[in-house]
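Same order as they appear, the protein sequences are chains A and B. With the UniProt record's numbering, letter number 106 in the first sequence gets 106, and the count goes up by one each step, no holes. With the UniProt record's numbering, letter number 101 in the second sequence gets 101, and the count goes up by one each step, no holes.
If you're looking for bench data, these hints aren't it; they were derived computationally from the structure. Keep in mind that a hint or two might mislead.
What the hints assert, rightly or not - Simulated crosslink set (DSS-like; lysine-lysine; CA at most 25 angstroms straight-line):
(1) 189/B x 298/A
(2) 298/A x 91/B
(3) 254/A x 355/A
(4) 80/B x 254/A
(5) 91/B x 8/A
(6) 254/B x 80/A
What the hints assert, rightly or not - Covered stretches of chain A, going by a simulated chain B footprint (3 or more residues, C-beta under 8 angstroms):
(7) 76-84
(8) 104-118
(9) 256-269
(10) 297-310
Said to hold, decoys possible - Label pairs and their calculated CB-CB ranges:
(11) 8/B x 330/A: 57 to 63 angstroms
(12) 49/B x 82/A: 54 to 60 angstroms
(13) 304/B x 85/A: 51 to 57 angstroms
All residues carry an ideal CB built from backbone N, CA and C; glycine is no exception.
Single-letter residue listing:
Protein chains: 2
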Amino acid sequence: MHFISQKKSLLNAISIVQKAVSSKSTLPILKGIYIEAVSNHLKFIATDLEIGIEHIIESNILEEGTVVVDARLFSEIVRKLPDSEVEILLKEQQMIIKCQNSEFNILYYPSDEFPELPTIEQRATYEINNQVFKNMIRQTSFATSQDEMKPVFTGVLVEIIDNKLNMVALDGYRLALKKVELTEGYNNKAIIPAKTLNEIGRIMDDSDDTVYMTLSDKHALFTLGETKLISRLLEGEFINYKQIIPKEYKTRIKVSTSLLLDSVERAALISREGKNNPIKLNIVGDKLIITSNSEVGKVQEEIDIETEGEDLNIAFNSKYLLDVLKIIEDEFLFIDFMTSINPGLIRPEEDINYKYLILPVRVSE
Amino acid sequence: MHFISQKKSLLNAISIVQKAVSSKSTLPILKGIYIEAVSNHLKFIATDLEIGIEHIIESNILEEGTVVVDARLFSEIVRKLPDSEVEILLKEQQMIIKCQNSEFNILYYPSDEFPELPTIEQRATYEINNQVFKNMIRQTSFATSQDEMKPVFTGVLVEIIDNKLNMVALDGYRLALKKVELTEGYNNKAIIPAKTLNEIGRIMDDSDDTVYMTLSDKHALFTLGETKLISRLLEGEFINYKQIIPKEYKTRIKVSTSLLLDSVERAALISREGKNNPIKLNIVGDKLIITSNSEVGKVQEEIDIETEGEDLNIAFNSKYLLDVLKIIEDEFLFIDFMTSINPGLIRPEEDINYKYLILPVRVSE
Numbered sequence: 001m002h003f004i005s006q007k008k009s010l011l012n013a014i015s016i017v018q019k020a021v022s023s024k025s026t027l028p029i030l031k032g033i034y035i036e037a038v039s040n041h042l043k044f045i046a047t048d049l050e051i052g053i054e055h056i057i058e059s060n061i062l063e064e065g066t067v068v069v070d071a072r073l074f075s076e077i078v079r080k081l082p083d084s085e086v087e088i089l090l091k092e093q094q095m096i097i098k099c100q101n102s103e104f105n106i107l108y109y110p111s112d113e114f115p116e117l118p119t120i121e122q123r124a125t126y127e128i129n130n131q132v133f134k135n136m137i138r139q140t141s142f143a144t145s146q147d148e149m150k151p152v153f154t155g156v157l158v159e160i161i162d163n164k165l166n167m168v169a170l171d172g173y174r175l176a177l178k179k180v181e182l183t184e185g186y187n188n189k190a191i192i193p194a195k196t197l198n199e200i201g202r203i204m205d206d207s208d209d210t211v212y213m214t215l216s217d218k219h220a221l222f223t224l225g226e227t228k229l230i231s232r233l234l235e236g237e238f239i240n241y242k243q244i245i246p247k248e249y250k251t252r253i254k255v256s257t258s259l260l261l262d263s264v265e266r267a268a269l270i271s272r273e274g275k276n277n278p279i280k281l282n283i284v285g286d287k288l289i290i291t292s293n294s295e296v297g298k299v300q301e302e303i304d305i306e307t308e309g310e311d312l313n314i315a316f317n318s319k320y321l322l323d324v325l326k327i328i329e330d331e332f333l334f335i336d337f338m339t340s341i342n343p344g345l346i347r348p349e350e351d352i353n354y355k356y357l358i359l360p361v362r363v364s365e
Numbered sequence: 001m002h003f004i005s006q007k008k009s010l011l012n013a014i015s016i017v018q019k020a021v022s023s024k025s026t027l028p029i030l031k032g033i034y035i036e037a038v039s040n041h042l043k044f045i046a047t048d049l050e051i052g053i054e055h056i057i058e059s060n061i062l063e064e065g066t067v068v069v070d071a072r073l074f075s076e077i078v079r080k081l082p083d084s085e086v087e088i089l090l091k092e093q094q095m096i097i098k099c100q101n102s103e104f105n106i107l108y109y110p111s112d113e114f115p116e117l118p119t120i121e122q123r124a125t126y127e128i129n130n131q132v133f134k135n136m137i138r139q140t141s142f143a144t145s146q147d148e149m150k151p152v153f154t155g156v157l158v159e160i161i162d163n164k165l166n167m168v169a170l171d172g173y174r175l176a177l178k179k180v181e182l183t184e185g186y187n188n189k190a191i192i193p194a195k196t197l198n199e200i201g202r203i204m205d206d207s208d209d210t211v212y213m214t215l216s217d218k219h220a221l222f223t224l225g226e227t228k229l230i231s232r233l234l235e236g237e238f239i240n241y242k243q244i245i246p247k248e249y250k251t252r253i254k255v256s257t258s259l260l261l262d263s264v265e266r267a268a269l270i271s272r273e274g275k276n277n278p279i280k281l282n283i284v285g286d287k288l289i290i291t292s293n294s295e296v297g298k299v300q301e302e303i304d305i306e307t308e309g310e311d312l313n314i315a316f317n318s319k320y321l322l323d324v325l326k327i328i329e330d331e332f333l334f335i336d337f338m339t340s341i342n343p344g345l346i347r348p349e350e351d352i353n354y355k356y357l358i359l360p361v362r363v364s365e
């Protein structure tokens, strides 16, 4: 194996696949990056057996071959090299890295021990705009559970019905739902780990390109330009979420997203000292009074709102409110309530394709 | 106590004194900020009994008084308030903080338990330009020891002799020395904790103002505009550092600071896997060859230099080289050597007032 590449393009490839490198695997080879030099390109692969990432760059290949090299050491070396041509070859059981007046000789792993990425049959592939998909992930994945004891809750349900793509996340206390229209696609569903989606979100650049999502029985494959990401799916039955989204309300308020965010952030400074971080919302006519108290003191906030329906007292965990207020971009939002023990339903004023359900907390008066 | 201040000016005062708040004290009151409202100003004080910081702002005082309030909670509340006027008063054992439509009531500590800052007699005060002093700190304090078992080494010697201010830091492996001219000042010396100097460096803004340093037997006082910082001095005898700075050399090299920094950073990627992070410098005519090897591999770097005197092989701990290469701003620097077991002396090409001594490491061939 012998090739010449630009430092920048090498570093970019390493940075992309490195996100799949296992940080805590007991298999030493999973700490490595697999590199394959064939024809006029280099293929980089890393995997932690849950997620695999592959990236291809053009390169001047002088001799074909494969190698696995420690991801951390290799990425640090390439990062510190001058911004110039880098020549890499294997010789006497060492990888030689030359760039201007620098020469590294480092050990490598035998490449035949590196696990192959699963093959995905291209049965059902969906096309989505990069930015639309990135935004869907941002608006849902935060609502998944961190609790590995309920594996289904750590994933996002991806459901394609009648050319609509729904993404749903829930953790037992709140639920986030985002819909978009697809140009075409078979009906299908899968539960994708939130970690996978977050990695895709990080890899996607700010371009308006297209991401292709392929779902098989056990895996999802995402293709973005020269990058492929393959992830295992989560097994199990997702909750029938449609049942739990309320269809009616007795109280509806319209409130400024930023005023509500600021007030809840202040109230959370007091509530976080208590159990469940509860903050109370008191709707009195066209005023929303937010209060919280704990052993360190108390706080009261007042916001002008538009109210339709009855006055109401209800309490929420401030974290679950803050999470959604931070990702809503509309200037105003609606919250629908039934009673103080029914969930609240939050949606942005303009974006009718996003819904967030949040369970109330019971607090003593 | 009752006053009205702008949020920005309150937040600025809190941020300055908060650096002295004790993070791990067993005395709860040291987690607080002392606030005194007198005449037309507010005085803020925090201390961990090693360092005390005081800052004064103008304010509309409606009723004089004093209070101590939890630094973390108070700073977070003020930070989250709208950018507007803040009204603060004490009522029924609570501090009330009002700003637009927000109102906090929080508990406070009785102010009479807050320790007084020591009084420093203004016997010997020195005037130094902010930027000059900030740079002196940056060029020396990193060379102090972190080892609390040798307290004197955790401080920087500040020595005033014949209108020259010397700052010296050493840890047994390297020494950093910086001199500046003062306009006037009594001969004097003190060992100031590096932590104190680093805090002053952080508080100093980028203005060209003057800092006043006052030394008493036990304390140093620094005055910067409306901020005062008082610190305990370290007790003990500082090493007679002049003795150990070599006066002659057998080999002198002149090298590009950035090329040397880049090469040593790359070599350190390999050397950090070994003991003492050793990297070897091999001077052969007008070439400097830097090599390092450890169990992960080896590296060789070559730099063009100007050499005066004999060829030489010597090895250094890469960390001690990197530390100084990062703070030298001159394009070129000199290194003087005697033999491979004598210290190297580094100085910037232009700045004749800075010297850095570094002990070699013995390595097997």
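Against the structure, the hints come out as follows:
Restraint check: the Cα-Cα separation between residue 189/B and residue 298/A comes to about 51 angstroms, which exceeds 25 angstroms; the hinted pair is violated. Straight-line distance between C-alpha atoms of residue 298/A and residue 91/B comes to about 14 angstroms, which keeps the hinted pair within the 25 angstroms bound. Of the supplied pair hints, the one linking residue 254/A and residue 355/A holds, its CA atoms being roughly 15 angstroms apart against a limit of 25 angstroms. Restraint check for residue 80/B and residue 254/A: the C-alpha separation of about 23 angstroms stays at or below 25 angstroms, so the hint holds.
For the given pair, residue 91/B sits about 63 angstroms from residue 8/A by alpha-carbon distance, which is inconsistent with the 25 angstroms threshold. Distance hint between residue 254/B and residue 80/A is fulfilled; the C-alpha atoms sit about 23 angstroms from each other, no more than 25 angstroms. Here's how the stretch 76-84 of chain A fares: 5 of its residues keep a CB closer than 8 angstroms to some CB of chain B, so the rule of at least three is met and the hint holds. Against chain B, the stretch 104-118 of chain A contributes 4 residues with a C-beta closer than 8 angstroms to a partner C-beta. That satisfies the three-residue criterion, and the hint holds.
Counting residues of the stretch 256-269 of chain A whose C-beta sits closer than 8 angstroms to any C-beta of chain B gives 5, which meets the bar of three, so the coverage hint holds. Counting residues of the stretch 297-310 of chain A whose CB lies closer than 8 angstroms to any CB of chain B gives 7, which reaches the minimum of 3, so the coverage claim holds. Checked against the hint of 57 to 63 angstroms, the C-beta distance between residue 8/B and residue 330/A comes to roughly 29 angstroms, which is inconsistent with it. Checked against the hint of 54 to 60 angstroms, the pair residue 49/B and residue 82/A fails, with Cβ atoms roughly 50 angstroms apart.
Evaluation of the 51 to 57 angstroms hint for residue 304/B and residue 85/A yields a failure: the beta carbon distance comes to about 20 angstroms.
Taken one by one, the earlier hints fail for this structure at numbers 1, 5, 11, 12, 13, listed in ascending order.
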